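A.B. asks: Protein sequences, first through last, are from chains A and B.
Using our numbering, read the first sequence as starting at 1 and increasing by one per residue.
Using our numbering, read the second sequence as starting at 1 and increasing by one per residue.
FYI, nobody ran anything at the bench for these hints, they're computed from the structure.
These numbers come from a predicted model, not from an experiment.
Positions of the beta carbon are idealized from the N, C-alpha and C atoms, including for glycine.
If you only want the chain B side, here are some residues facing chain A, beta carbon under 8 angstroms, derived: (1) A55; (2) E64; (3) F86.
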Amino acid sequence: MTAQTVQQGDLVTVIGLEVHVQLETDTKIFCGCSTDQTDEPNENVCPVCLGLPGALPVLNEGAVEAAVKIGKAIDADIPEETRFHRKNYYYPDLPKNFQITQYDEPICADGDLEISVEGERRTVTIERAHLEEDPGSLQHVGGGGGIDSADYTLVNYNRAGTPLMEVVTAPDFRSPGEVRAFLAELEEVLEYLGVFDAERDGSLRIDANLSIIPEDEIESDDVTEIGEEALAAANRTEVKNISSHKGAEKALAYEETRQKNAIQRGRAVEQETRHWDESRGITVSMRSKEEEKDYRYFEEADLPPLRVSHWKDEISIPELPSARRERFQDEYTLSEEAASKLTSTKQVADFYEDVAQEFDPDLAATWVADNLLGELNYRDMEITGIESRLDEVTRLVELVATDEITAKNARETVLRSMLDDGRTPDEVVAEEGLGKTGEDEVQQAVVEAIDENPDAVADYESGDDGAINFLVGQVMQKTGGSADPGDVNQLLRAELND
Amino acid sequence: MSDDAVNPEAVRHVAELARVDLDDEEVEAFTGQFADILEYFETLDEVPEVEREAALTNVMRPDEERDSLDREEALRNAPETEDGFFKGPNVS
Ligand SMILES: [Zn+2]
Numbered sequence: 001m002t003a004q005t006v007q008q009g010d011l012v013t014v015i016g017l018e019v020h021v022q023l024e025t026d027t028k029i030f031c032g033c034s035t036d037q038t039d040e041p042n043e044n045v046c047p048v049c050l051g052l053p054g055a056l057p058v059l060n061e062g063a064v065e066a067a068v069k070i071g072k073a074i075d076a077d078i079p080e081e082t083r084f085h086r087k088n089y090y091y092p093d094l095p096k097n098f099q100i101t102q103y104d105e106p107i108c109a110d111g112d113l114e115i116s117v118e119g120e121r122r123t124v125t126i127e128r129a130h131l132e133e134d135p136g137s138l139q140h141v142g143g144g145g146g147i148d149s150a151d152y153t154l155v156n157y158n159r160a161g162t163p164l165m166e167v168v169t170a171p172d173f174r175s176p177g178e179v180r181a182f183l184a185e186l187e188e189v190l191e192y193l194g195v196f197d198a199e200r201d202g203s204l205r206i207d208a209n210l211s212i213i214p215e216d217e218i219e220s221d222d223v224t225e226i227g228e229e230a231l232a233a234a235n236r237t238e239v240k241n242i243s244s245h246k247g248a249e250k251a252l253a254y255e256e257t258r259q260k261n262a263i264q265r266g267r268a269v270e271q272e273t274r275h276w277d278e279s280r281g282i283t284v285s286m287r288s289k290e291e292e293k294d295y296r297y298f299e300e301a302d303l304p305p306l307r308v309s310h311w312k313d314e315i316s317i318p319e320l321p322s323a324r325r326e327r328f329q330d331e332y333t334l335s336e337e338a339a340s341k342l343t344s345t346k347q348v349a350d351f352y353e354d355v356a357q358e359f360d361p362d363l364a365a366t367w368v369a370d371n372l373l374g375e376l377n378y379r380d381m382e383i384t385g386i387e388s389r390l391d392e393v394t395r396l397v398e399l400v401a402t403d404e405i406t407a408k409n410a411r412e413t414v415l416r417s418m419l420d421d422g423r424t425p426d427e428v429v430a431e432e433g434l435g436k437t438g439e440d441e442v443q444q445a446v447v448e449a450i451d452e453n454p455d456a457v458a459d460y461e462s463g464d465d466g467a468i469n470f471l472v473g474q475v476m477q478k479t480g481g482s483a484d485p486g487d488v489n490q491l492l493r494a495e496l497n498d
Numbered sequence: 001m002s003d004d005a006v007n008p009e010a011v012r013h014v015a016e017l018a019r020v021d022l023d024d025e026e027v028e029a030f031t032g033q034f035a036d037i038l039e040y041f042e043t044l045d046e047v048p049e050v051e052r053e054a055a056l057t058n059v060m061r062p063d064e065e066r067d068s069l070d071r072e073e074a075l076r077n078a079p080e081t082e083d084g085f086f087k088g089p090n091v092s
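Given only the sequences and the hints, what does the whole structure look like? Please build it.
C.D. replies: Right, here's the structure in full:
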């Protein structure tokens, strides 16, 4: 491995990703064990995922369907035939001493995903996406708690065999911010497809390759086109152990600075694997023992090949976030910001459309994007947490749309109480007396206020217009705040000017 | 494969990948044995081509849960366990 030094000129960052996503299936990829995350170790294990002798893997149709959906969403080719390979390495998280994965014939090839970075559209090439099994999980116990200093290792195979999709991008990223935007978009797409749960612990794991090359090696105006020779000449580091899109941005910003500093001081950037230490906010060098050829990939003879390219036509996928964002802007004349908020998850977008169609798109946008998401966010909640109560939110919007309660009361009292106390909107309105008061009642309160406050009336009649505000306040008090202050003002004037 | 002579270095490398500790004597013994085993495979070259059965494709099962092993059963063959985990040495 040769050292890389650059003497002069501007430097450009080049990043490519390998993103591992856990697929949301009920069972593991090669056996019928549950994929539930349980606190109890080794509860969801069987001879297949424990790698016991003689056990045979049988592929989960649900995992293949999820993979085809992803392929369709990223506009990838699903080849006529695709197959599995064994990747051999000895590590205790892998009970068989090999991982079943895909090698030269992945289920998805040559796709792309469009992202928006600072208002600019960019297309990221996805070279391949393949199915594989997740290893088990290890706990390093004793010593300093680190891998190196631990006294011993505890192994839990509940996770072993959870279906994973590994998504491999071209080296198309030029900044950690672009990586974050891509990962956020990818997460959104996967959630729309219903194949991924971002809330699940460890559902997204990222390895990133980062290298720094001189700017004059860029061949054209298109920043994604960098000469292969320039890339090959630059030493790159592979950063492992990244588990979120925010983490990715931090880890890669650190690594970018570290490499640029080295180059600018005339020092070498070693080609190596580095580990992102989230708690310390740094990357650290990892001894890597295996090279590609040491994995001794060979065909998994226990799994016959797959021929599922026609599934791409048979399986339907929902409208994806980027398309929906654009349609929302056109169809409901929403701002880009509102459209983005309202398409952030499929549940939010579906709910918005329901409300917009029943009432008014603008009112619906205010209620869903600002009020509902705002109050949920404040409580660290997601829309999925109140899925069974969305009809109550619809009812609340109806109360506002039909002028039965004021928007202010609806937002500040009813919605908050619904979320905090679990009451229905009608309960809150009745119990707090928020219903807008009937006209007769208001009229009666107006007459009473005039009778009871001769001084204020005299002031008003002698030209002190401010006295009317005092009278409005009196009427509002009598009606428990449920009358419209503007209406009250007019009613008072009408009564006094008679 | 048969063109590559098996040398002690190759044996040491394979042993390291398999996390097996071999002493010099064992390396020597295995070097001979590896070479013999590779030679057996050459015998296969003499087997005439046979018509393979129609290949299977798309063997899949529905995404339906089946019973897992009882944990006690799952851990039964482990030399060491702790609190329901398999227990092994430090893996640095
Ligand atoms: Zn299993």
